[in-house]
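Trainee: Spelled out, the chains give:
Number of protein chains: 2
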Amino acid sequence: MIVKSQVKYIQSLAHKKYRDEEGVFVAEGPKIVNELLNNPAISPVNIFAISGWVEKDRSRISEKQLIEVSHAELDRISFLTTANQVLGIFKKPVFGKMNLKNKITLALDNIQDPGNAGTIVRIADWFGVEQVICSEDSADIFSPKVVQATMGSIARVQTSYTSLPEFISKHREIATYATVLDGADIKMVKPIKEGIIIIGNESKGISRELLGMVQHKITISRKGNAESLNAAVAAGIVLSHIAG
Amino acid sequence: MIVKSQVKYIQSLAHKKYRDEEGVFVAEGPKIVNELLNNPAISPVNIFAISGWVEKDRSRISEKQLIEVSHAELDRISFLTTANQVLGIFKKPVFGKMNLKNKITLALDNIQDPGNAGTIVRIADWFGVEQVICSEDSADIFSPKVVQATMGSIARVQTSYTSLPEFISKHREIATYATVLDGADIKMVKPIKEGIIIIGNESKGISRELLGMVQHKITISRKGNAESLNAAVAAGIVLSHIAG
Chain A
1 MIVKSQVKYI QSLAHKKYRD EEGVFVAEGP KIVNELLNNP AISPVNIFAI
51 SGWVEKDRSR ISEKQLIEVS HAELDRISFL TTANQVLGIF KKPVFGKMNL
101 KNKITLALDN IQDPGNAGTI VRIADWFGVE QVICSEDSAD IFSPKVVQAT
151 MGSIARVQTS YTSLPEFISK HREIATYATV LDGADIKMVK PIKEGIIIIG
201 NESKGISREL LGMVQHKITI SRKGNAESLN AAVAAGIVLS HIAG
Chain B
1 MIVKSQVKYI QSLAHKKYRD EEGVFVAEGP KIVNELLNNP AISPVNIFAI
51 SGWVEKDRSR ISEKQLIEVS HAELDRISFL TTANQVLGIF KKPVFGKMNL
101 KNKITLALDN IQDPGNAGTI VRIADWFGVE QVICSEDSAD IFSPKVVQAT
151 MGSIARVQTS YTSLPEFISK HREIATYATV LDGADIKMVK PIKEGIIIIG
201 NESKGISREL LGMVQHKITI SRKGNAESLN AAVAAGIVLS HIAG
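Protein sequences, first through last, are from chains A and B. Using our numbering, the first residue of the first sequence is number 1, and each one after it goes up by one. Using our numbering, the first residue of the second sequence is number 1, and each one after it goes up by one.
Bear in mind the hints are in silico, worked out from the structure with no lab data behind them. Be aware that one or more of the hints could be misleading.
No distinction is drawn between identical chains; accordingly, a pair holds when it is met within one copy or between any pair of copies.
To be verified - Calculated pairs, DSSO-like style, for lysine-lysine (alpha carbon to alpha carbon, straight line, at most 27 Å):
#, residue 1, residue 2
1, Lys-223, Lys-190
2, Lys-223, Lys-103
3, Lys-187, Lys-170
4, Lys-190, Lys-56
5, Lys-92, Lys-187
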């Protein structure tokens, strides 16, 4: 059974302001929720689940954190089009200071689409990239849609928000890479062990200010006629070639 | 002004059955609609547009095919969350017989997510891949969501639906490639000029029957902990490495 104040609380977490104030985020569906419950870096606050999940997975969480709900109740609190067995509220992971030495860091410049932002975090996790810096106008990584798109990688990839030009100015000793339309063919770029790779907005590209600061401009050669590549696809291609 | 029968007709095009019967598809927003209107391979049936689009772009289409609508009317017929100036009904392109010789062909095995299916068509277009064969359980390429995700590439990439195992059996002379978890590292695979590259469902992978028929199994090496890559991202990575 769920009470009205809980419904209101969960609905408030659609807004960044309340997620930030509470230091929590929402994840849904047995796949992601169970993966987060298995992850020692992530603490659950409450799990709201229908009887099917409760029967199978109740041992994953302490009794007092678990609230069994009806299908109708889950529908009411779910952010998904179709609610999927379980909704969890988790404390946001607390990461240490980022270290750029001997590491590849992704920087997202104005990536507003939540699906793209989440997919990029998942791609980073696939290629062993442990940290992603986002410009302040990028989608909030802890919004429900982004969390779903990360497929559990949200807990393994360190994220933070800052002004990218300031960040890059402060770390002049780290090489910077970005995809542009007239750079070096990515097939010719040597794999790297350290660097900041900037992924830009797919319709606007990388902001002019940032572009002026980039040392290595690279291109995914086009052979056909599509106007652009999806930002997440471009991130995957770049990492597959140069994450050494 | 739009009449009730037109509203009903457009709404019916949400269903594959009616799109097939009528041989048409819907595209929305000035970017895609204008690109389709510029494409000699695509014939418009009707364009429904608000005054802003009509003033700027009316010369793109004959007067009798153009129906000016109010914002409220466009909202009623739009398949988007937020209607975007113009909705076009177009005749499906009629493609000739596919030729597999000296070409790269993508094969989509059970790609059900419309966003992924559309993004893969757009990626194919970027890398100059002119034809995509889809298994019968894949998303319909001409559904409104897929059309939007192709960003205009729908008109440049030839698509068809068939049983993939039968198709591959019939074309034994063409080399087949697929991504699996334990194949050859994609960085070691030589670029190709001809072949069928199979993209599988991201949670189920490639169907067992198909997998038994694949000659070249390739892997996008994982260095981190994500469980899988998005199917469109995988398609982009494979093409960026081996589309020679």
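Trainee: Hints first: check each against the structure and report whether it holds.
Mentor: Each hint, compared with the structure:
In the homo-oligomer, the alpha carbons of Lys-223 and Lys-190 lie at most 27 Å apart both inside one protomer (22 Å) and across protomers (18 Å), since each shortest distance falls under that limit. In this assembly of identical chains, Lys-223 and Lys-103 lie within 27 Å of each other by CA distance solely across copies; the values are 13 Å between and 32 Å within a copy. Neither within a single protomer nor between protomers do Lys-187 and Lys-170 lie at most 27 Å apart by alpha-carbon distance, with minima of 30 Å and 34 Å respectively. Taking CA atoms no more than 27 Å apart as the test, Lys-190 paired with Lys-56 passes in neither setting, with 48 Å inside one copy and 47 Å between copies.
Taking the closest pair of Cα atoms, Lys-92 and Lys-187 never come within 27 Å of each other, the shortest separation being 38 Å inside a single copy and 36 Å across copies.
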